[in-house]
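So the protein sequences, as listed, match chains A and B. Each residue of the first sequence is one higher than the last, beginning at 1 in the numbering used here. Each residue of the second sequence is one higher than the last, beginning at 1001 in the numbering used here.
Just so you know, the hints here were simulated from the structure itself, not pulled from any lab data. Hints may be right or wrong, so weigh each one.
SDA-like mimics (lysine to any residue), calculated; alpha carbons at most 20 Å apart, straight line [as the list claims (entries may be wrong)]: (1) K41(A) - A1090(B); (2) K41(A) - G1098(B); (3) K1215(B) - A1415(B); (4) K41(A) - K1167(B); (5) K147(A) - G1236(B); (6) K41(A) - S1410(B); (7) K1073(B) - P46(A); (8) K1306(B) - G44(A); (9) K1306(B) - G45(A); (10) K1392(B) - W153(A); (11) K1392(B) - E158(A); (12) K156(A) - G1236(B); (13) K1167(B) - D1183(B); (14) K1392(B) - Y159(A); (15) K41(A) - K1215(B); (16) K156(A) - W134(A); (17) K1073(B) - G45(A); (18) K156(A) - G1393(B).
The residues making up each chain are set out below.
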Amino acid sequence: MASGKAVRWHIGVFLAPAVLVYTAIMIIPLFGTLNLSLFGKGEGGPVFVGLANFATLFGDPRWSEAFWNALGNNLWFFVIHMLVQNPIGILLAALLSSPHLRMAAFYRTAIFIPTILSFVIVGFVWKLILSPIWGIAPGMLDAVGLKALFAPWLGKAEYALTALALVSVWQFVGIPMMLIYAALLSIPDDVIEAAEMDGLGAWAQFWKIKLPLILPSIGIISILTFVGNFNAFDLIYVAQGALAGPDFATDILGTFLYRTFFGFQLQLGDPHMGAAIASAMFGIILLGVCIYLFAIQTRLRRYQF
Amino acid sequence: MKKTFRIALLTSTLLSGAAWAEDVTLTIESWRNDDLTIWQDKLIPAFEAAHPGIKVVFAPTAPAEYNAALNSKLAAGSAGDLITCRPFDASLELYNQGNLADLSGLAAMANFSPVAKSAWQTDDGAATFCVPMASVIHGFIYNADAFEALGIAPPTTNDEFFAALDKIKADGTYIPMAMGTNDQWEAATMGYNNIGPNYWKGEEGRLALIKGEQKLTDPQWVAPYEQLARWKDYLGDGFEAQTYPDSQNLFTLGRAAIYPAGSWEIAGFNAQATFKMGAFAPPVQAAGDTCYISDHTDIAMGMNAKTAHPEETKTFLEWVGSSEFADLYANSLPGFFSLNSTPVTMTDPLAQEFVSWRGKCQSTIRSTYQILSRGTPNLENETWNASANVIKGTETPADAGARLQAGLDSWYKPAN
Chain A
1 MASGKAVRWH
11 IGVFLAPAVL
21 VYTAIMIIPL
31 FGTLNLSLFG
41 KGEGGPVFVG
51 LANFATLFGD
61 PRWSEAFWNA
71 LGNNLWFFVI
81 HMLVQNPIGI
91 LLAALLSSPH
101 LRMAAFYRTA
111 IFIPTILSFV
121 IVGFVWKLIL
131 SPIWGIAPGM
141 LDAVGLKALF
151 APWLGKAEYA
161 LTALALVSVW
171 QFVGIPMMLI
181 YAALLSIPDD
191 VIEAAEMDGL
201 GAWAQFWKIK
211 LPLILPSIGI
221 ISILTFVGNF
231 NAFDLIYVAQ
241 GALAGPDFAT
251 DILGTFLYRT
261 FFGFQLQLGD
271 PHMGAAIASA
281 MFGIILLGVC
291 IYLFAIQTRL
301 RRYQF
Chain B
1001 MKKTFRIALL
1011 TSTLLSGAAW
1021 AEDVTLTIES
1031 WRNDDLTIWQ
1041 DKLIPAFEAA
1051 HPGIKVVFAP
1061 TAPAEYNAAL
1071 NSKLAAGSAG
1081 DLITCRPFDA
1091 SLELYNQGNL
1101 ADLSGLAAMA
1111 NFSPVAKSAW
1121 QTDDGAATFC
1131 VPMASVIHGF
1141 IYNADAFEAL
1151 GIAPPTTNDE
1161 FFAALDKIKA
1171 DGTYIPMAMG
1181 TNDQWEAATM
1191 GYNNIGPNYW
1201 KGEEGRLALI
1211 KGEQKLTDPQ
1221 WVAPYEQLAR
1231 WKDYLGDGFE
1241 AQTYPDSQNL
1251 FTLGRAAIYP
1261 AGSWEIAGFN
1271 AQATFKMGAF
1281 APPVQAAGDT
1291 CYISDHTDIA
1301 MGMNAKTAHP
1311 EETKTFLEWV
1321 GSSEFADLYA
1331 NSLPGFFSLN
1341 STPVTMTDPL
1351 AQEFVSWRGK
1361 CQSTIRSTYQ
1371 ILSRGTPNLE
1381 NETWNASANV
1391 IKGTETPADA
1401 GARLQAGLDS
1411 WYKPAN
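Construct the complete structure from the given sequences, taking the supplied hints into account.
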């Protein structure tokens, strides 16, 4: 039969706008960046250098030291988010979903609000709060007799990155909270009721029933955190500037890329090395997402009600 | 109907085109967003009054973003007609890329000395691509009321300098010195390159470093770091997290007695501070030594080579090179000292104090700016980092010198 299946034009037509826009603003720039990283500065313009930029990035001790420093800081930034932001998010969601909590809507909104604030505001406000000169942090610690604990955290190489990671946690804790909250609400009441009948207390209910049911959401949150953290730039740039001081202690891949690509003060921008760093970042994120998709997500059990 | 509509559209386009042709609008790219009102209220009206038909718009970017933003705009072809030039390599690179036009032919260039032009010339001096506007001088601004109350005279030697700091510290009313290391650049610009020329003897040391005859590990280059390391005890609590605006505010609020400064602070400090201020030059090692100051050629203006209005842009630049502009600019912005050969009379006492050092001391420019910050690692940025580390005490002066020299050696081969 010649006309076994009609050509289903409408699929293409409906997909086209999204595909076109996505291609124009995401796919083409991505390949443009990968392409740019294979060129170097020549006498009369860019010349093809193959993987030489990557050889410099990983082979030259000056570049590789900066790169591994940034990657290490980035990992620590991610670890703090995984260890602090996500457990707190789950805890808040569990508290919010409790039927006995009053003013749940108010708490939910209040905790979510920092997420919609601009990075510039968050960075500036926290810099002021933590400022040893004008900040309220030293005063508040003084009021409870703990002034000795105060240090100019953002200026000390050993604390600055952790302090900024915690600021970022403060800002974004609303997102895991909301996602987990939605997942918790979708657990049918009869499952919980059955558990109560069987004599499970609230604590055991959480560990044995709710947690397994929200694990897929936790997986999604982890991967969102991973991608978000490895693309992070704004907060560090706003709080510490492009040099990511003190002594590069807060330098993450995003700020390293910015400095290299656009240049800084007397340092001229180098789009080709910048693109090489961007490609390395893309590779790292791609690798992380693949590990998640193939090694973790396929093993997560899903339950249908 | 459709046709009428088309004609209407076409006519309106043509009409608006004609309206545009009457006035040419020139846009200035700059990092001096602090100067916006001065350009809008004083400089641009003065130019427009004398040159009908040319409108000028001053469109500054934040200082830290300027270089990056400008490069992107130039690459995209959306940069303004007039480009405010950073000194040395940043602008030289723009010229080599064909983004800045050669301005050697401007009549106004005759108004500037070779030293004034050196920051905006090719290495062989054949082409000048920006009209010099101003230089800034480094030194220390002090709270004169505090000095008087404590009975301190402005120090001239190192020993007097630290004696004064000790006295202020012992008294306890004031933080001896307002500086932080959070933003890093103050430590290098207002610290290392402020006091350093007295040790490396200004131009002599700077040129010897470029020729490779001196090293950053030599005593005259490490000694300023040793001085900086001593500053730590006189800075305020938590100086590690103190930013540049924090330091400015500490000083103008009268909480700190001495501020390591660049002369560009004068206008802002005059507006903010309610006490009397004075200034002293970087202290020398022993009484009677020749003093050296950093009189840094800092700002100039060039022409975007791809401007649509080259003639009008040149007219504006001729005006920037005139003594009329020099007079207006230096007096609107005390602390930016004109590079024009015609002497400018300034009325601000603090600015007069700074500029008077030009008569007593030898002038030089910042050691890292010419040629030495061309490669990776970038010597200027490394100097920021090293100066901040030395003040915090996380790196010894000798280590800092060795690290910077090793970084420089990795890409810089002196010409001879």
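With a cut-off of 20 Å on the C-alpha distance, tell me whether K41(A) and S1410(B) pass.
-> Within the cut-off at roughly 19 Å; holds.
Mind checking the alpha carbons of K147(A) and G1236(B) for me, to see if they're no more than 20 Å apart? Holds, at roughly 16 Å.
Item checked: Agreement of K156(A) and G1236(B) with the hint, judged by alpha carbon distance not exceeding 20 Å -> With a Cα-Cα distance of about 15 Å, the restraint between K156(A) and G1236(B) holds, given a limit of 20 Å.
Straight-line Cα separation of K1306(B) and G45(A) no greater than 20 Å?
18 Å, holds
Query - Restraint check for K1215(B) with A1415(B), where alpha carbons must lie at most 20 Å apart - result: Holds: K1215(B) and A1415(B) sit about 15 Å apart, inside 20 Å.
Checking one constraint from the list: CA of K41(A) to CA of A1090(B), max 20 Å. Satisfied? Holds, at roughly 16 Å.
_Checking one constraint from the list: CA of K1167(B) to CA of D1183(B), max 20 Å. Satisfied?_
28 Å, violated
20 Å Cα cutoff - pair K41(A), K1167(B): Measuring from Cα to Cα gives roughly 56 Å; hence the hint is violated.
Inset, instruction - Sort out whether E158(A) lies within 20 Å of K1392(B), counting only the CA atoms. - result: 13 Å, holds
Is K1392(B) within 20 Å of W153(A), Cα to Cα? Measuring from Cα to Cα gives roughly 14 Å; hence the hint holds.
>> Run the distance test for K41(A) versus G1098(B): straight-line Cα separation, threshold 20 Å.
In response: Holds, at about 15 Å.
Quickly compare the C-alpha distance for K41(A) and K1215(B) to 20 Å and report which way the hint goes. 30 Å, violated
Hints 4, 13, 15 from the earlier list are contradicted by this structure; the remaining hints agree with it.
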